[in-house]
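Engineer: Quick mapping for you: the protein sequence lines, in order, are chains U and C. Quick note: to get the working numbering, add 5 to the position in the first sequence (first position is 1). Quick note: to get the working numbering, add 3 to the position in the second sequence (first position is 1).
Since the hints were made in silico from the structure, they are not lab data. Computed from a prediction, not measured in an experiment: that's the story for all the values here. Errors might be hidden in some of the hints.
Footprint (simulated), chain U over chain C, 3 or more residues, beta carbon under 8 Å [said to hold, decoys possible]:
| no. | segment |
| --- | --- |
| 1 | 18 to 31 |
| 2 | 129 to 138 |
When the alpha-carbon atoms are kept at most 25 Å apart in a straight line, the in silico SDA-like pairs for lysine to any residue are as follows [said to hold, decoys possible]:
| no. | chain 1 | residue 1 | chain 2 | residue 2 |
| --- | --- | --- | --- | --- |
| 3 | U | K330 | U | E232 |
| 4 | U | K117 | C | G45 |
| 5 | U | K117 | C | E78 |
| 6 | U | K289 | U | E267 |
| 7 | U | K117 | C | R44 |
| 8 | U | K210 | C | T81 |
| 9 | U | K330 | U | F347 |
| 10 | U | K210 | U | N103 |
| 11 | U | K210 | C | A90 |
| 12 | U | K117 | C | S77 |
| 13 | U | K117 | C | P101 |
| 14 | U | K210 | U | R154 |
| 15 | U | K117 | C | R240 |
| 16 | U | K117 | U | A89 |
| 17 | U | K117 | U | F192 |
| 18 | U | K210 | U | P128 |
| 19 | U | K117 | C | G49 |
| 20 | U | K330 | U | F303 |
| 21 | U | K117 | C | A395 |
| 22 | U | K117 | C | W17 |
| 23 | U | K117 | C | T391 |
| 24 | U | K210 | U | H159 |
| 25 | U | K289 | U | P305 |
| 26 | U | K289 | U | Y357 |
| 27 | U | K117 | C | L385 |
Just so you know, even glycine gets a beta-carbon here, dropped at the ideal spot from N, CA and C.
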Amino acid sequence: MDTPHQPTDRVTRRGLLVGGLLASGVATLAASARAQDHSGHSVAPAEPAPTSAYDAPPPHLGAHGNMTTVGEVDFEANGFDPSALLTDWDVGTPSIENGRTVRTFEIVAEDKEIEIAPGVMFPAWTYNGRVPGPTLRAKEGDRLRIVFRNFGSHPHSMHFHGIHSARMDGVPGAGLIGPGEEFVYEFDATPFGCHLYHCHALPLKRHMHKGMYGAFIIDPDPALHPEFDASARSRLLGTPENAQWQEMVMVMNAFDTNFDNENEFYAVNSIPNAYGNRPIRIEKSRPVRIYLVNVTEFDPINSFHLHANFFDYYDTGTQLTPTLKTVDLIMQCQAQRGILEFSYARHEPGMYMFHAHQSEFTELGWMGMFDVVEA
Amino acid sequence: MSDTVVPAPRHSTWRLVAWIALPLLVLAAAIAWIVAADPLRGFNNGAPPVEAITFERTVLDDSGISVLIRAGGSEPMTIAQVQVDDAYWQFTTDPAGPLQRGATAWISVPYPWVLGEAHRVNLVTNTGATFEHEVAVAVPTPVATPGMLLPQAIVGLIVGVLPVAIGLMFYPALRNASRGVMDFVLALTIGLLAFLLVDMTFEALELAVESAALFQGQAMVILAALATFLILMGIGRRSGTPAGLALAFYIALGIGLHNFGEGLAIGAAFAAGSAGLGTFLGLGFAIHNVTEGIIVGLLPGYASIGIAAPIVKARPPLWSFVALTLVAGAPAVFGMWLGSLSYGPQWSALALGIGAGAIAQVIVEVTAYLLRQHRGTGKAWLSPPIVTGFLAGVAFMYVTAAVVKI
Numbered sequence: 006m007d008t009p010h011q012p013t014d015r016v017t018r019r020g021l022l023v024g025g026l027l028a029s030g031v032a033t034l035a036a037s038a039r040a041q042d043h044s045g046h047s048v049a050p051a052e053p054a055p056t057s058a059y060d061a062p063p064p065h066l067g068a069h070g071n072m073t074t075v076g077e078v079d080f081e082a083n084g085f086d087p088s089a090l091l092t093d094w095d096v097g098t099p100s101i102e103n104g105r106t107v108r109t110f111e112i113v114a115e116d117k118e119i120e121i122a123p124g125v126m127f128p129a130w131t132y133n134g135r136v137p138g139p140t141l142r143a144k145e146g147d148r149l150r151i152v153f154r155n156f157g158s159h160p161h162s163m164h165f166h167g168i169h170s171a172r173m174d175g176v177p178g179a180g181l182i183g184p185g186e187e188f189v190y191e192f193d194a195t196p197f198g199c200h201l202y203h204c205h206a207l208p209l210k211r212h213m214h215k216g217m218y219g220a221f222i223i224d225p226d227p228a229l230h231p232e233f234d235a236s237a238r239s240r241l242l243g244t245p246e247n248a249q250w251q252e253m254v255m256v257m258n259a260f261d262t263n264f265d266n267e268n269e270f271y272a273v274n275s276i277p278n279a280y281g282n283r284p285i286r287i288e289k290s291r292p293v294r295i296y297l298v299n300v301t302e303f304d305p306i307n308s309f310h311l312h313a314n315f316f317d318y319y320d321t322g323t324q325l326t327p328t329l330k331t332v333d334l335i336m337q338c339q340a341q342r343g344i345l346e347f348s349y350a351r352h353e354p355g356m357y358m359f360h361a362h363q364s365e366f367t368e369l370g371w372m373g374m375f376d377v378v379e380a
Numbered sequence: 004m005s006d007t008v009v010p011a012p013r014h015s016t017w018r019l020v021a022w023i024a025l026p027l028l029v030l031a032a033a034i035a036w037i038v039a040a041d042p043l044r045g046f047n048n049g050a051p052p053v054e055a056i057t058f059e060r061t062v063l064d065d066s067g068i069s070v071l072i073r074a075g076g077s078e079p080m081t082i083a084q085v086q087v088d089d090a091y092w093q094f095t096t097d098p099a100g101p102l103q104r105g106a107t108a109w110i111s112v113p114y115p116w117v118l119g120e121a122h123r124v125n126l127v128t129n130t131g132a133t134f135e136h137e138v139a140v141a142v143p144t145p146v147a148t149p150g151m152l153l154p155q156a157i158v159g160l161i162v163g164v165l166p167v168a169i170g171l172m173f174y175p176a177l178r179n180a181s182r183g184v185m186d187f188v189l190a191l192t193i194g195l196l197a198f199l200l201v202d203m204t205f206e207a208l209e210l211a212v213e214s215a216a217l218f219q220g221q222a223m224v225i226l227a228a229l230a231t232f233l234i235l236m237g238i239g240r241r242s243g244t245p246a247g248l249a250l251a252f253y254i255a256l257g258i259g260l261h262n263f264g265e266g267l268a269i270g271a272a273f274a275a276g277s278a279g280l281g282t283f284l285g286l287g288f289a290i291h292n293v294t295e296g297i298i299v300g301l302l303p304g305y306a307s308i309g310i311a312a313p314i315v316k317a318r319p320p321l322w323s324f325v326a327l328t329l330v331a332g333a334p335a336v337f338g339m340w341l342g343s344l345s346y347g348p349q350w351s352a353l354a355l356g357i358g359a360g361a362i363a364q365v366i367v368e369v370t371a372y373l374l375r376q377h378r379g380t381g382k383a384w385l386s387p388p389i390v391t392g393f394l395a396g397v398a399f400m401y402v403t404a405a406v407v408k409i
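So that you can see chain C by itself, here it is in the shape it has in the complex:
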């Protein structure tokens, strides 16, 4: 019996390999034939190559204006001439030579730009096509010196860590909160997160549109969010649904990723010269972020009530306060740094997409937690505290966000 059974799988293994190899060979043959015979030649109507350029970074400094461009043409592209404000200027291309599809290069123009005014850079390719880029407000681009990292870190701390620290101060008040109050607070959290999810998704999609076509920004954002959501759900539910401190950390991670994406965007805006658009916005942003911070500040609260036992309220260890604050807030600092060194919009979009996925996971888990708390109570879980909490969360975020939206 075993004599007949054992060879059979081996035999079928080879057969399996063959069945996998066959279509691959056909594919390879088809590619070889298409390359060799060029059956699409008939479609060549003499039209010039498609050209596309994305401006990913702009640097204004003492030597003039430099832009980092990414080519997205059907054939290698050459920047033949450069206009700034309707005048041709000497320029250098680094690296020199034609730009392959997807390749980047710095175009540097010794242009005497004017502080606080707008300039237009217009690249003329060898086919005469033009690609325009506007410097909306010319300010010196921050240089990534060690001296600059510190002030940026301070900004990051103001945006990321300070609000969290303020939020933490609610912990004592919540420690002994009643079921109704906790329901309200949890629903408030879900509301705040729901706003963030919607806001971040649109922000990411907006950035995705600005990035080079070959990154397929919008698909990238959606897929990154989906992947992050699935991975975090998978990890979180490895051993049952997360609760307590674990849930708190997932929330912190989601907000941390959000802050990272926001930090990137802030850094990029900073580098692009929008810093001067209004000092009053700083205050609005602080208020807005404190709202976010409150969520994180509440985390130890969740942790304490979440640690299962109905009567015993476990006190979370002190280190968890510090760790939660850093997980949620510190990414803003790194985001600022990376963003002001300014990578292309596609990276900010990606970071925001990942953050959206993480927030979605947190919403699901907090909601699940809320439902669990109500299981068996016989009451409708959409109780007045929960509904008002959710709506209050969304509304509060909406109102404070209005201050910082331009």
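Same shape as in the complex, but just chain U:
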């Protein structure tokens, strides 16, 4: 088995170089310090400096000004674009068997070097060559058939958060397959909600943070929920009610690029600041629904905070009434997920930020902007 990236201790732990300043050197500094003008440090440049930390940022930098990653990711080379990924539903290939809808999904696991931040290459393990993997979407009660082929260099599986038999669980001995092998997972789409799937090969942490996860959305069948018919219809992809909504999937994830069990980059849908650099267009007259999934490794929780607005939250999406009403921040532990619903109908158009409210995550890339427009 290869170990694709093994920085040595020397490489990763080079900090503290300055810690041991020359003792005797330091000593005389007393005298020298007095010779210096230490009247106070001011950020305002005495002469035109190239940039100042507090200047209003140029529009393309979003509200974070100088505090952001530099450059752009080559989405074409990566093979996926975070803006397109928001609404890229994979509904499989539907067919009818015995009067029942069967959806067949084809998923391959493959090793792929992806640019997870501008200029930073990461040796990812992917589903269908992208991180997060395809957003699988089905209707409650559909029969799902997922043909999974492992073209990667390690054993992999697809472990669905849903209801299925032990044989279909995607754990060692039940659908975990070696390189070059194939397995077909088959089960009913239930319960409706916002779920996820991920590789359950061991070590789990490594297989997760290398990129093996994706959203798994089951829309409610309105026929089964007559008392919440309108809500169920609005959730069901393909209905006119659903078309009114501006739906998107956001997978909160992170990358540990130096493999020290701490993340260097945080984002939704993999690319730090992607939606800050290219804000998500929102028509203010139409409501917004976000399928939010947290797959961040190493940090126990992640969060979502919406600026200048409040939302209703459906934890795990398995209810048609909100579990939290009128909040502007929710948190999710690892593998927790839910649905956010909100509207900008009464707002003035403009840029509205969203981000994790762990400042560290935000400042390491997990932030984005809604460009709310009149429409």
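Knowing the structure of chain U, use the given hints to seat chain C on it.
Structural biologist: Leaving out everything else, chain C in the frame of chain U:
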């Protein structure tokens, strides 16, 4: 006879050239083959390139934080992103583009740093490896303006020249000293120098560890010390063992090199923002350096007793007092200047290594001088004044150094 002898060397000269050329040609052929055939290819296991970065300089000013880095990777390296205190920041790389092995570049971040607090700069390369550098105490980096050179020179004079001048004041007292007193003083000098030698060597090796791997800092320090020692010994013994004024100048040179290295280190620490670590240290350092200065101050004393004639004590010329003071003290000023413009730790290490070599030479020569003085006296040269002098020298340096060590 000459007909047969003369061509023979010519013939053997060509043969010699051929014998030298042959292995060189084989070497060239071997290199060409290794490059062309790449027989080591089989060892390529797909591992990512080895990456190494050394932070050589940090500048904090109105436009933010800048660090001078030196790449030491097996392949050219690219800094893809920069974190300061766990946040990504816009930055510029100058010069732009990948960093060849051994190349340096400035990374500048418009970061609103906070006076007196700590910051961490973390560079993320294109492979995702990270290299962290801590700014222990953020203070504005002194700018190398003409206005700054003067205060630094004053500091250098305080550190380097003033103690020497104070030491000079012992000269009258020593002029007519007895053999026992002179033995004590010479042994004291050796003790002081021995402490400096040990201290400097470790200081140099510490700095060597901080410098980029490609400088092989530790080997560089040892070799520089050895080379300096041999060169100075060679020069000094060109015409017999040095004595008198010449010996005095060698001692001054050794201390001067030490002060230069120390000046570099002070300047570097200054630039790195450690200036605020405690004003009380200034006094301790002054005391410590006066001890050093005493050695130099005694030099005219050595000179006077050293100028051979047993009875006549030559009075050294006045200019020698000034010259000795400058040779021993002024390098501290230059060291301060260079150090605050702050070259990488490898240069401070090199300067300290050279200084260690120079001090070793002085120890050898002063010891030799002491031995010569005792030759033929029939007494054990390790007399009580000499032993106590040596121990007192080491102990005094140790105690005063304790004040300035952090």
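Engineer: Of all the hints numbered above, which does this structure not satisfy? Sort the numbers upward.
Structural biologist: Result: hints 1, 6, 8, 10, 15, 17, 20, 21, 22, 23, 25 and 27 break, sorted rising.
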